[in-house]
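Asks: Dock chain B against chain A, hints included.
Residue numbers (the numbering used here), protein chains in the order written: chain A, 1 to 331; chain B, 332 to 1111.
Quick caveat, the hints were computed from the structure, so don't treat them as lab data.
Any given hint could be a false lead.
[Unchecked claim] Some chain B residues close to chain A (C-beta under 7 Å, calculated; not the full set):
hint	residue
1	PRO723
2	ALA786
3	PRO801
4	THR802
5	GLY1003
6	TYR1005
[Stated by the list, open to error] Calculated pairs, DSS-like style, for lysine-lysine (alpha carbon to alpha carbon, straight line, at most 25 Å):
hint	chain 1	residue 1	chain 2	residue 2
7	B	LYS798	A	LYS284
8	A	LYS95	A	LYS206
9	A	LYS183	A	LYS40
10	A	LYS295	B	LYS427
11	A	LYS284	B	LYS836
12	B	LYS827	A	LYS284
13	A	LYS295	B	LYS798
14	A	LYS284	B	LYS994
15	B	LYS798	A	LYS206
16	A	LYS167	B	LYS705
17	B	LYS1071	A	LYS295
18	A	LYS183	A	LYS90
19	B	LYS665	A	LYS206
20	A	LYS206	B	LYS661
21	B	LYS994	A	LYS167
Backbone N, C-alpha and C define an ideal beta-carbon position, used for all residues, glycine too.
Now for the letters of each chain:
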Amino acid sequence: MRFLAPVAGLLSLVSTLLPIALADSKLSKFTSLAAGSNLKGIVKLDDTLYTELTTAPRNYSAVVLLTALDHRFSCDLCQEFQPEYALLAKSWIAKHKSGDGLFFGQLDFADAKATFQRLQLTTAPILYLFPPTTGDNVDVAHIETPHQFDFTQHRTPAEAVARFISKHTPHTPPVSRPFDYVKFGGMAGLVLVAVALVSIAFPIVKPIIYSRNFWAAISLIAVLLFTSGHMFNHIRHVPYVVNDGRGGISYVASGFSNQFGLETQIVAIVYALLAFATISLAMKTPRIDDPTQQKAAILIWNAVLLVGFSFLMNLFKQKNGSYPFFLPPLF
Amino acid sequence: MSSMEALLKDESTRNIRRLLKVVILITIAGAAVSSRLFSVIPLFMNESPRGLSETILGLGETVTFGSGTGDIGVWKSDDAIVDPWFNFRASKYLVKNGFYNFWDWFDDRTWHPLGRVTGGTLYPGLMVTSGAIYHILRMLSMPVDIRNVCVLLAPAFSGLTALATYLFTKEMKDESAGLLAAAFIGIAPGYISRSVAGSYDNEAIAIFLLMFTFYLWIKALKDGSAFWGALCALFYFYMVAAWGGYVFITNMIPLHAFVLVLMGRYSPRLYVAYTSWFALGTLGSMQVPFVGFLPIRSSEHMAALGVFGLLQLVGFVEFVRYQVPSRQFKTLLKALIFVVFALSSAVLVLLTVSGVIAPWSGRFYSLWDTGYAKIHIPIIASVSEHQPTAWPAFFFDLEMLIWLFPAGVYMCFSTLQDQHVFVIIYAIMASYFAGVMVRLMLTLTPVVCVSAAIALSNILDTYLSIKTPPTPTVGAPGADERKEKKPRVNILSAGKDSIVGIYSKASSIAVIAAFSIYLFVFVLHCTWVTSNAYSSPSVVLASRLPDGSQHIIDDYREAYYWLRKNTPDNAKIMSWWDYGYQIGGMADRTTLVDNNTWNNTHIATVGKAMSSREEVAYPILRQHDVDYVLVIFGGLLGYSGDDINKFLWMIRIAEGVWPEEVKERDFFTPRGEYRVDDGATDTMKNSIMYKMSYYNYQSLFPAGQAQDRVRNAKLPAVGPTLNILDEAFTSENWIVRIYKVKDLDNLGRDHASAAAFDAGKKKSKRTKAGKGAQRKLRVV
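The following block holds chain B by itself, in its conformation from the complex:
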């Protein structure tokens, strides 16, 4: 035993231990990366027989893309899993046209007829990163395709995130806690959800940047080093360029500094670290065109500026106090700090009220005033990611970490150095945000991993120790001494006495065994969650058949492919904004609105068209050059994320702009129900969204038996009629339905009367045909 200890403590084996650590870290990072790849592999290796259309589609796709870009490997359809599509398109544009053209990119294939000044309205970090990797790999003569870079970027960065979390946690406790934290973040579903292969969103790199910036901040603060502060500012700049969530850092670091000042922990280290971060970071962030002058003009950034000012004041006062050691003077100076701080806060408020400084933008404001978005900005409230989080979601994404988390926060209080204050603040803020918005679970996950690792590593430290303390004899002087020694005032109640150690081997083993089982279950849980919930790209719906095999519902791709092949290149597709990126990317057609919801009025226009009668909708469709309308309908399959369920949001958003023409009330029955069956209101039944969803639907069922499986409603026996639209395409499971907008009538009639006339003619034709048949029969 002692030789073992000697080996572990020995100077000569230091290098071996270091190597071991590196190997473990690399293994963790590799596991993190591969867990994200593993989760999507079944999808591509799935050679089980699918529907005929699917096979044909798959083949067709291979041919198109294969001949078009000249490379398609085993991943015959990896283009379909890059999500969101827009980022991929932007990366392709960047690689093809170079950086400066990318800046000036005006995209006329979205937001028809407005177009979008894309270069100036996006966070370019993600595309620039993959572009840089692409060029570096090419330089090393590795001929990769930008698509592969995009698909694999998120897993690669999750490996880096594990590293950053290790470094961060190492600053909090020690290396063993760091390794645990890295392992946790590597497999925690809360982070996997946003970083599986193919998820090519800004968050893919942002979490790494977040953790690394925080690590650099802690490092700068600990050392009081301008060098680390500048590095922190550099990565902060990278973060600003990559994700709108950079505001979280912009407020976390000042909050930390502010709390430290309040706790009386001002130090020159804090001053140096903060000022170097703030000055360089702010200048850096202003270089991103989309951010521009926001850092000095908007409320989100004012906290950072205010704390910067406060630190100057406190620094000055500390300096003077050092020079002039007089008690009265000190009080005076303290009063001065208070007055100046209050005054400058008042000036800030005044500037905000007078409009020089923009108030909190709706997205951030709705985090504080949780009812705000629903009333004032329905477009934010309508996104499913912006809903509040129910407790199962926390457990689902974090499992055992969720209860280790508070324990770790408590343990941070026991040592409570400057860096622990940071973890505590981060924990509280992030859990609040994650509670308000499902999406922000992502920012909570790192801190949960860190503090859970601190807690678990404390347990392991205690119970893995081989040393057992000598059994105390009753009344021994040592015991009393220990009790008396610790009347220290400011200490946690759990940490009052000094540590003895664990006497019994058996209890050590019991605790370690229990925690090993928990960890084992945790790994199983993570695998289960990943393979069930986060393994299929959002464009493909995976379901389980009764026999347990995976069934893939591929209606989206089927429909987009149809659009690509059967519509003119310049066709304009109208759909709800959720599908804009996908249509733009996979069908390569111009859309009216897409997931970059920059223009609320334009989205409301689409909402108005969808919720209006045909006569009202038709002029809107014509004015916007719409050729095809695409709706998502889940009634046949029971797919609840369809347009009829999103319809209320369309109505609300449209009502926000045209309160006179679209009224939410009209879509509810007098008893306040949202119905699609016989009891639906006339406004509902006459809206083109309703008509497009249920057009011809009853033909699938015996007469009068048409059933909507999402809303569990029996539909009217007579289906809706459509005069201004022609059904163009309906996918295998009826999820995607595409309609062609009719041209103006040749004779200048309105469509309803033209259709009525045609219907009358059809009748007479049928009788004629009958006659013809009879005559033929006679001839034979």
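Looking at chain A on its own, in the form it has when it is part of the complex:
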């Protein structure tokens, strides 16, 4: 039995080497597949290739996108994500000609219904990351179950996926977005047009720019917008009006620190009306020559002021039920 020991040793050696050899052969295979792919850097997978790529042993990291690009499935997110994924794979292969142990695979539902059924997937896209099972960067927890990328939380997927990959593997894939000539051209064109317009129109615009009324109007509009809570709408994305549940619409939000779009516009208009009435009383009516006209104007603006302010207080009372003050005519 003594001669068995070296055999056993050899066997154990083989059993340790065999997966390595297997993994190595897979590595070279997918390296060539990735290099030869007509989608730059992306390995197009089918059922068998998927199984081969994702089963242990792996001495590489594999990112696999399970997607459904066919328009029949009307998967908007798949369509949206596809160029981002291609960009990521392209950026990687451009820097790492031979793949360097990180593969980007793509499995379309049309090619691999069996895999989708086997994994019991009902949604797409799904992005898996299979970390290596041999070598220095073994992640024991993820030999069978891969990491899954969370699509719900990220806005710029290419960068987010890159971060996701670098978090779980030693690779840090770069994202080099190609220079957008169209956008640049558009911007340059716009600037040129703007400059041309300004230089042509300047003589016409000049009196406006130098006009006090113009600047006064701009300032007042800005002040009215800001003090009527426009920035709140802008930041919180409040609805313009809402359904009040009884078939009508409610345009005043309940609650002191809550508001609707239409509500703020009403408030801004009331503010503007009151301010305008004040301006008229202070500056316009004393300049009216005719006594009767003047009397009528003062009376009207005074009434507008009273009704407007009364309305405003009434509106505020709707927001804050315990507000005790009011002005006639609205109680």
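Replies: Only chain B this time, still in chain A's reference frame:
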């Protein structure tokens, strides 16, 4: 009538009129001060029967503080109303240890185990001010306590603010407008909110400094005087030492100067005023250690530097033009200005990009890019004061002033001198900022008061005039003349014709009566707002009972007092940062994080501990020497500002640092709801924050009826279990709950299995006890 007029115009009565003005001003300032005191008096005079614990607590407090510091007057608990507590503590330290020790103060009772280099990381203006007042009063042999100085500082400075606003508005229109503005700022709730007695924040003195610096700037600009410019720089320095909001001045004055240059209103006066302010002010601001070299290294200050450079250029060009009156040369010089300005702007951008000049700090940047803070700096977005302002808040804080404000801005356009440009810019900028952040309502209030006063005083000027113009005869030459006389180009449309006056007495009286009523309602409104919203210190919650009487909920003080009396002096308390100052001040215990949120990672650590499972949280608690954990729970009372509602922010902040271990998504149900009832996610239910909030809570209700009144949720029938923490204290209304962190198990087991073992033992004990009882019974 004419004798009356003669009296008012007469030279001999000038002194009487001046005296009258002073009396009015002093009355206004006094009203401003007292309105802030009045608002807190009911709290101290409230001798109505309270809860038993409250009475005992009050007595206990009187005894402790009375014997400790040797003075306690009628204000038996005024220590409780100084807010924020840290500033008060710092002032005490300053008075006790002197100025130089204060500079070098290292505080090891906060931010455990890091500590905080307090002297170098605060704005010392507030403490130095109250310290100086304290020493002056002592020198005049008035034995005051520093606490009283701190409590009364904000009302005192609001009186000064009224004065500064008067001076500022006087420069804009006239004295009557100034008096109106002073009266407005004295009672406007938007300012009262930050200056009631006991509110001892930096803003307490900062608004006075803001208005006074602006007044000095206008004065310097009007006179072209280096003296006023230097004074302006001095008060600017004071402002820098007092409040981080000094950046508002740092950008307002350059913006004003820049707009004036753009309008072609460059003048040697502007040059002198600006350069003297900038040079001295910048040097001054660099003396504050917390600011240091920021004025030459950060983007917030670059506008001031840029305008300084621009003014040198424009000044040079103006000088040359004066010497060499050639037309081509002028064009050339104008081009030169433009090129140099563009070049230096490019250099600035380059320096910013390369990192020599720090970009806008997050706090200020989030004002422009309003979505920025929510994504990148949740700790800023989490503060309730940093939320955008809904319109009712504007009306609530300013009432009628809010619609007089645009009218006043418009009237500034009609005269449009250099100083009016300032008010217009200030109005637009401040209303934008106030719209973005509730807190900045404070900077808007002064300009609203100023321009509302301008508008109202215009109305009063017009309608209070006794003179009536002669009735014009139709076709009289005068009328036509007036119409023809005014084809001036650049004038407001409302101000085209010349003023006639008001013909009818009745209409004058109608307008004046209407505005008197509005003003009357305004005063009522201000009183109502102050007494309802801003009258109780934040540590005491005041509510109204159905019969209208005030009910005071004092759980915070109850809990802090418990901590003070029942925990060792060096106990470390972990809580969310909102309560850090209060724990440090009122309970006098070491905290992990507090309201000075200088270290985001440390806060995230607390957030992580709160949002983790017990097994994960325990090592964190041990590593930070935490002895007690304090949570705020409003479920019983319906108090919505509790920790479960703030919990999402804790999670977000923790996720920012440990995205792998804490995930906001896990706290939401698959349908995206944030729930605490049966439907809550496991992560939520297992977080120690959830457990601490609801531990034993169901015992208050009949089985299965436990109800959370904030979130209107029915809680699970079986309450959470806690293994690593022991409930130590729960306040009267369950608002504050304190837990003691268990020590390591004696036998080296983890707490869960130890608890399970104990639970098993308890069962057998109970059966034994039953046996014993039976036996006893037999003996009897």
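Asks: Compare the structure with each hint and give your call.
Replies: The hints, checked one at a time:
1. A least Cβ separation of about 5 Å between PRO723(B) and chain A falls short of the 7 Å threshold, and the interface hint therefore holds.
2. With 7 Å as the threshold, the beta carbon of ALA786(B) comes within range of chain A, its nearest partner Cβ sitting at about 6 Å, so the hint holds.
3. Among the interface hints, the one on PRO801(B) is violated; its C-beta lies about 10 Å from the nearest C-beta in chain A, farther than the 7 Å criterion.
4. Restraint check, THR802(B) versus chain A: the minimum CB separation of about 6 Å is within 7 Å; hint holds.
5. Taking 7 Å as the C-beta contact cut-off toward chain A, the hint placing GLY1003(B) at the interface is violated, the least distance being around 9 Å.
6. Nearest Cβ of chain A to the Cβ of TYR1005(B): about 15 Å, over the 7 Å cut. The hint is violated.
7. In summary, the hint linking LYS798(B) to LYS284(A) is supported, as the alpha carbons are separated by about 18 Å, within the 25 Å threshold.
8. Annotation: proposed proximity of LYS95(A) to LYS206(A) is violated, straight-line Cα distance about 54 Å (limit 25 Å).
9. The suggested pairing of LYS183(A) with LYS40(A) holds, with an alpha-carbon distance near 24 Å, which does not exceed 25 Å.
10. For the hint linking LYS295(A) to LYS427(B), the alpha-carbon distance of about 68 Å lies beyond 25 Å, and the restraint is violated.
11. For the suggested pair LYS284(A) and LYS836(B), the alpha carbons sit about 17 Å apart, so the restraint of at most 25 Å is met.
12. Of the supplied pair hints, the one linking LYS827(B) and LYS284(A) holds, its CA atoms being roughly 9 Å apart against a limit of 25 Å.
13. At most 25 Å may separate the alpha-carbon atoms for a hinted pair to count; LYS295(A) and LYS798(B) meet this at roughly 16 Å.
14. A distance of roughly 62 Å separates the Cα atoms of LYS284(A) and LYS994(B); the hinted pair therefore is violated under the 25 Å criterion.
15. Restraint check: the Cα-Cα separation between LYS798(B) and LYS206(A) comes to about 42 Å, which exceeds 25 Å; the hinted pair is violated.
16. Distance check on the hinted pair: LYS167(A) and LYS705(B) sit about 23 Å apart at the alpha-carbon level, within 25 Å; holds.
17. Distance check on the hinted pair: LYS1071(B) and LYS295(A) sit about 76 Å apart at the alpha-carbon level, beyond 25 Å; violated.
18. For a cut-off of 25 Å, the pair hint linking LYS183(A) to LYS90(A) stands: about 21 Å separates their Cα positions.
19. A distance of roughly 18 Å separates the Cα atoms of LYS665(B) and LYS206(A); the hinted pair therefore holds under the 25 Å criterion.
20. For the given pair, LYS206(A) sits about 21 Å from LYS661(B) by alpha-carbon distance, which is consistent with the 25 Å threshold.
21. For the proposed pair LYS994(B) and LYS167(A), the alpha carbon gap of about 15 Å is at most 25 Å, so the pair holds.
Of the numbered hints stated above, those contradicted by the structure are hints 3, 5, 6, 8, 10, 14, 15, 17, listed in ascending order.
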